[in-house]
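Once you've looked at the hints, dock chain B against the given chain A.
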Amino acid sequence: MERIYVHPLPVRIWHWINALSFILMILTGIQIRYIGVVNIMPFKAAVDWHNWIGFVLIANFFIWFLFYLFSDKIKVYHPELSPMKHFRDSFRQMKYYGYGIFKGDPNPHHVSVYHKFNPMQSMTYQIIMLLIVPIQFFTGILLWDVERFQASVNFFGGVRVVDTVHVLAFIFFVAFIFIHPYLASLGHTPTAHFKAMFTGYEEIEDEARH
Amino acid sequence: MTCAEGKWSGFAANMNVPFVLAFLFLMMGSMPALAAFGVLSKDDKACLECHAKKGFSKPRGGGDSVSLYVADKPFSESVHNDNGCTDCHTELDIKKHAKADNKKLGTREYSIAAVAVCRDCHKKNVKQYDDSLHAALVREGNDEAPICSDCHDPHTTRVNSATGPMDDVVCQNCHGKIFKAYASSVHGQARQKQAGKLPADQQKAPICADCHRSHEIKAAATGGRIKNACLDCHKGTLILHKVWLPNAERHFDAVSCPACHVATAKRRVDLRLYDSIANKEVTEKKGVPQFESRTRAADATGRGLDALALRSLLNEFNRDGAEGQTVLRGRLEVSSGVEAHQLVARSRAIKDCDTCHREGADVFQTVTISIARPDGRPIHHGAQKEVLTSPISVDSVRGFYAIGGTRIKLLDYLFVMALFAGIAIPAGHMTLKWLFRRYLKQLETERSSPQDDTAQH
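Read top to bottom, the protein sequences are chains A and B. With positions in the first sequence counted from 1, the corresponding number in our numbering is that position plus 1133. With positions in the second sequence counted from 1, the corresponding number in our numbering is that position plus 4.
Source of the hints: derived by calculation from the structure; they are not laboratory data. Just to be clear, a hint being listed does not mean it is correct.
[Stated by the list, open to error] Taking lysine-lysine and the DSBU-like style, the derived pairs with C-alpha atoms no more than 30 Å apart in a straight line are:
1. A/K1177 - B/K389
2. B/K289 - B/K131
3. B/K445 - A/K1177
4. B/K437 - A/K1328
5. A/K1236 - B/K437
6. A/K1249 - B/K437
7. B/K57 - B/K77
8. B/K445 - A/K1236
[Claimed, not checked] Just the calculated beta-carbon pair ranges, DEER-fashion:
9. A/G1231 - B/Y417: 48 to 58 Å
10. B/K208 - A/M1174: 34 to 44 Å
11. A/I1265 - B/N146: 53 to 63 Å
12. A/I1265 - B/K270: 33 to 43 Å
13. B/Y417 - A/F1195: 29 to 39 Å
14. B/G228 - A/W1149: 18 to 28 Å
15. A/F1305 - B/T370: 27 to 37 Å
16. A/I1265 - B/K231: 49 to 59 Å
17. A/G1169 - B/K231: 24 to 34 Å
Here a beta-carbon is modelled for each residue, glycine too, at the ideal position from N, C-alpha and C.
If we strip away everything but chain A, and leave its shape as in the complex, we get (with noise of 0.2 Å):
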């Protein structure tokens, strides 16, 4: 079983900072949204704890943005050019999660340096990175000094619309931050995605590179 690079440390860093947060966000957004029916902690402690963690997470993103906008490896965030051909491979890559992988089919993606994300991986994280990541920061920024940025939140239509557009991105995530880890637990040991997010190695099944 061949050990291959696929995530440098800066990767690494954000990915767990991120992940962290992203649990305290939403832990601390859901006290903030459900207080009542929701009592972890007060809701002025609640505030505090989701304003601060928001802004290490916006400082977080752009160590990722940096070391991919500054390195080869953005390569692995490269679209497929051909609509055709992604659908194709992302039909192939869902047909395997939702029926191959009961009767041991090989996973039809086969991860390299620069070509770490299956098709379906490679969509969900580019419109998650630079469109919805950024939308919560900004609505999130918003929402933090509303008075500050009065004039952005009437363009945008108002502080409900914002809220609105703050809490939908948070409702996703809230179904993502379940789903991104049992998919992650669906490589060849359930384990093995995990302690690459580690390592930065992911191990590459002989049978799998050929």
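What follows is chain B alone, placed relative to chain A:
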């Protein structure tokens, strides 16, 4: 000798003494004879010979009469003693007096006409009064709206009498309930304590005129004047709030001070029509009232505007101007003027965020929509509380949102679905994998068998 002394002696030496004496003589001759405090002039004594008789009045017909009584001692001690009777009662012709043709004027009509006399000396104050809500109500024909003499009895008024002891505050004559609420508030109690110890102009605890002004009184429930009045005295209060209150400036904008500083008040959300281009509250056009007819038309059931009706009402108002010009600005406020004056000490103010930021909070159970009348007073119409939580209102109530308290229900359902999907999809997939485990083993065995056979040969 100092420089100043030198200048003065030079000036005195150069003065034309006979000229100065002549000037002073002329000045004294041109000035009215100033009456001393408590001493009536000869002319005024003549007037008061009749008018100081208790019950002196003039019949108006129909059994009605107008009081013409003026108490001599209070008048002699008033600031207007210096003016004398005829300075204000200029219309009187001594020869025709007592047969004057103004006998049909009642006290009210006469006093309204006399505002013009007050204006002669008190130009600035009367100009401010002319722009006030009180004057607007008088012009509308409101018989109870005050004119100059209702607050400042011209025959007894003294310097700063309007800001004298609490019991003398004239505002309570009309606003009795509100004054009573004020008197028992933290401000009223502080004022009462200071009243016996300090002169009126040194008492720092606010009284009516300190917040509402004495002459340019405007509607308290519209505009930002009252909030500014609070902040004028409580300087640095925003910084103090910022220490513990997230989005403090936003709270200052959307929550009235009494909403938190009157802990027991009944609160409501008022959605005020606001001109987003002119950046001011929408005011009913004078003589063309639209708000009541439009709200009545939109509120067909009479149970208050629902989210759809609110949206259509807003569209109606936007027909008059640019698209999206008229918006709703929400504000959390107390339900009545009496409650607005029951301010408590800072330590007793509401500081618990979950008073408002939880589902079903009392403050969001009453919702009104309002517009400012031409004189500034608001007109309210009820709206259903669901307008604050309906997805249909995302646009129409865009400017008011309290996290947790007015959250959109539909998003709650989506959240539950996402949570369910997040748990159910992995759980379902794992279950299928578990159910297929034997089949998978069997397949793996079958796949590996031919290779074994090949290896054996």
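Taking the hints in turn, this is what the structure says about them:
1. The straight-line distance between the Cα atoms of A/K1177 and B/K389 is roughly 26 Å, inside the 30 Å bound, and the hint therefore holds.
2. With a CA separation close to 23 Å, the supplied pair B/K289 and B/K131 stays within the 30 Å bound.
3. A hinted pair counts as satisfied when its Cα atoms are at most 30 Å apart, and B/K445 with A/K1177 does not qualify at roughly 54 Å.
4. For a cut-off of 30 Å, the pair hint linking B/K437 to A/K1328 stands: about 22 Å separates their Cα positions.
5. About 9 Å separates the Cα atoms of A/K1236 and B/K437, which keeps this hinted pair within 30 Å; it holds.
6. Pair hint A/K1249 plus B/K437 holds up; C-alpha atoms about 25 Å apart against a cutoff of 30 Å.
7. Restraint check for B/K57 and B/K77: satisfied, since their Cα atoms lie roughly 12 Å apart, inside the 30 Å limit.
8. A distance of roughly 9 Å separates the Cα atoms of B/K445 and A/K1236; the hinted pair therefore holds under the 30 Å criterion.
9. A hinted range of 48 to 58 Å for the beta carbons of A/G1231 and B/Y417 is inconsistent with their spacing of about 26 Å.
10. Look at B/K208 against A/M1174: about 41 Å separates their beta carbons, and that is inside 34 to 44 Å.
11. A hinted range of 53 to 63 Å holds for the C-beta pair A/I1265 and B/N146, which are about 59 Å apart.
12. Judged by the Cβ atoms, the range 33 to 43 Å given for A/I1265 and B/K270 holds: they are separated by roughly 42 Å.
13. The supplied range of 29 to 39 Å is met by B/Y417 and A/F1195, whose beta-carbon atoms lie about 35 Å from each other.
14. Under the hint 18 to 28 Å, the C-beta atoms of B/G228 and A/W1149, about 48 Å apart, miss the expected range.
15. For the pair A/F1305 and B/T370, the supplied restraint of 27 to 37 Å holds, since their beta-carbon distance comes to about 35 Å.
16. A/I1265 and B/K231 have their C-beta atoms about 39 Å apart, which leaves the hinted 49 to 59 Å range violated.
17. At roughly 29 Å, the beta carbons of A/G1169 and B/K231 sit within the given window of 24 to 34 Å.
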